[in-house]
Amino acid sequence: MFASGSAGHSPLREGIKMIFMCTSMYWEALPFIKQLNLKRDFKSHKFEIFKNEEIILIITGIGKVKAAVAVTYLFSKYEPEDSDLFMNIGVCGTKNRNIAIGTAFFCNKIIENDTKRTFYPDMLFKHTFEETSVETCSLVINKEDIELEGQLADMEASGIYQAASVFLQPHQISFIKVVSDYLNVEKLSKDKVSELIEDKTVQIISWMNEVKLGFSYERNILSQKEQEILNRVIKNLKLSYTMGMQFKQMVTYYKLQYGDFTDLISMYIDAECGSKNEGKRYFAEIKQKLV
Amino acid sequence: MKGRDILQKLNKNLFNPCFSHIYIEKKALNHPNTKKILEHFREAEIIEINHYKDVFSRSNQNYSLQKNSLKLILAVKKEKLIYNGAQVCEDFGNIHFYYTSTMMNCIYDCEYCYLQGMYTTANIVIFVNIEDFFSEVENLLREHSVYLCISYDTDILAFENVIGYGRKWIDFAKKHENLKIEIRTKSANFKAIEDIDAQENVILAWTLSPDKVIKDYENRTPSLKERLLSINRAINKGWKVRLCFDPILYIKGWKENYKDLIETTFTELPGEKIYDVSIGVFRVPKDYLKIMRKQRFNSVILNYPFETVNGVCSYAEQLSENMISYVYEITKKYMPEEKIYI
Chain F
1 MFASGSAGHS PLREGIKMIF MCTSMYWEAL PFIKQLNLKR DFKSHKFEIF KNEEIILIIT
61 GIGKVKAAVA VTYLFSKYEP EDSDLFMNIG VCGTKNRNIA IGTAFFCNKI IENDTKRTFY
121 PDMLFKHTFE ETSVETCSLV INKEDIELEG QLADMEASGI YQAASVFLQP HQISFIKVVS
181 DYLNVEKLSK DKVSELIEDK TVQIISWMNE VKLGFSYERN ILSQKEQEIL NRVIKNLKLS
241 YTMGMQFKQM VTYYKLQYGD FTDLISMYID AECGSKNEGK RYFAEIKQKL V
Chain P
1001 MKGRDILQKL NKNLFNPCFS HIYIEKKALN HPNTKKILEH FREAEIIEIN HYKDVFSRSN
1061 QNYSLQKNSL KLILAVKKEK LIYNGAQVCE DFGNIHFYYT STMMNCIYDC EYCYLQGMYT
1121 TANIVIFVNI EDFFSEVENL LREHSVYLCI SYDTDILAFE NVIGYGRKWI DFAKKHENLK
1181 IEIRTKSANF KAIEDIDAQE NVILAWTLSP DKVIKDYENR TPSLKERLLS INRAINKGWK
1241 VRLCFDPILY IKGWKENYKD LIETTFTELP GEKIYDVSIG VFRVPKDYLK IMRKQRFNSV
1301 ILNYPFETVN GVCSYAEQLS ENMISYVYEI TKKYMPEEKI YI
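Protein chains in written order, with this note's numbering: chain F, 1 to 291; chain P, 1001 to 1342.
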């Protein structure tokens, strides 16, 4: 479970599913840093990064451009995989006074205020939050001078989504926003930000745990060792690029259909072909065996 | 342990139920069909969108994961509504062969389905403005007769209880003698249109597969027995029924499986009352297969080392011929040759 995360000295990418997080301000990150025992990564100089073995959190700074740059920096530094998850957590404003301060929302629609472009994270996973839309504005806003289509208003979500979607599939990207104000941010203190997020930290971590435990997959049919064997056979038999690809496809099929294939091709692992024609003969032989 | 057994760990309870979210184009919000559809999904989260492609065409979507939690997209389609029939599809001797998609994607989850190579998402689109599709067909009908397949890129009958498009198309066909429509399905949902009188110019086409294929590769579809019961009811009501043994898949024991399929089919159904039969092996455009393999990386069906001829991937010529002639020879015992299309 994440709550027991330790100092984060072990290597991060060794088949462990990662949860990537981002907040725009340190004060939004603080409850997670404490709860998950995240440690500062002093190797990161451009942005503040905190991590343990399973979680990497980046503080993006305020505004959608900074946020997009930070997310790009994060995923360039730590390449995400298909079963990893990424979430943006932060406070937001709303014009709607029927929404209580402190309410946490899962965002199913992001509207970019400047361009009116819209983005939709894939809502595949169950969660325990209310859902709504968030509109990303370029400047701090007050309720008098702006028209909002989104229920919530923030300054990062559209930038984060656009950057993250270069690296991730839309179901891997989530936004949880906690309402902090009715577009009157001057009254919002740093401590209040931390307090609002802290109230939802357990709920958020519990959701992260649930998804993490229930969902993972490995996309490679052939192991690293098997790939090496195939490459050796391709080299030994002097197979062309196309024949090499066909060979790999046949082996993949065989493994899915029947299981282990190494016995069938073991005699070719150390075979040395004098010519391409000889290789072709072997290739035809292998095809007979595998398909 | 086979490769496909070691790859995935998915807790199905993790997923939102299908149609937990409905995306609706602003211009579709007030359409009567939208209101009708929403009556079936009162608990759904409604999300307004500008254009269906904003959701449908997002890059990098995971088709096979989305099948665990399908979403519905309601839209108004204004551009091209009717397409010329594709070359890889059987025209059954009809000259003016077209198809149309008032819906895109399907509630079923067939491992070999070409839609996962054709569309970027598994989510289902319903174009609520079916009246515009009718108008475009009427324009064509002023020029010549039309043979129109309305359930290729979807399964309209499987969704009949929600939107009733099968019924609407049948009513439309009733008014146009020079229109012939085919409604293709894997469902067992004839009961949804049972009260309608059989139409001379409507063909109900059922795709039939061996039970092993249904169980292993046609997730969520009705069993062969259920499909045959549904077909029998359609025949008894006087409907023209087409049987599609297509795609035939090269699986372990394919001969026994397809022999059983055909024998069971014609034990349960009166051959003399079947309108026609089509037979075909699995085939798919090369570009689609590439995407399909990426989406279903552990599929034994899709990872078969197919051969590519003119951009279409299928089994090697000799194997394809063997499979087709084997199925043809058995089918021939029950159906006159002129009613069997290959």
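Derived by calculation from the structure, the hints in this document are not laboratory data. Only a predicted model underlies this, so the values are computations on that prediction, with no experimental measurement involved. Keep in mind that the hints are not guaranteed to be accurate.
Quick list of simulated restraints, FRET-style, between CB atoms [what the hints assert, rightly or not]:
(1) D1132/P / I62/F: 58 to 64 Å
(2) L1038/P / T128/F: 37 to 43 Å
(3) T262/F / N1232/P: 47 to 53 Å
(4) R1167/P / K66/F: 35 to 41 Å
(5) T262/F / K1290/P: 24 to 30 Å
(6) N231/F / K1333/P: 35 to 41 Å
By construction, the Cβ of each residue, glycine as well, lies at the ideal position given by its N, Cα and C atoms.
Cross-check of the supplied hints:
1. D1132/P / I62/F: 58 to 64 Å: For I62/F against D1132/P, whose Cβ atoms are near 47 Å apart, the range 58 to 64 Å is violated.
2. L1038/P / T128/F: 37 to 43 Å: violated (25 Å)
3. T262/F / N1232/P: 47 to 53 Å: Since the Cβ atoms of T262/F and N1232/P sit about 50 Å apart, the hinted range of 47 to 53 Å holds.
4. R1167/P / K66/F: 35 to 41 Å: Violated, at about 55 Å.
5. T262/F / K1290/P: 24 to 30 Å: holds (27 Å)
6. N231/F / K1333/P: 35 to 41 Å: 50 Å Cβ-Cβ, so the 35 to 41 Å window is violated.
Checked against the numbered hints listed earlier, the structure breaks hints 1, 2, 4 and 6; every other hint is satisfied.
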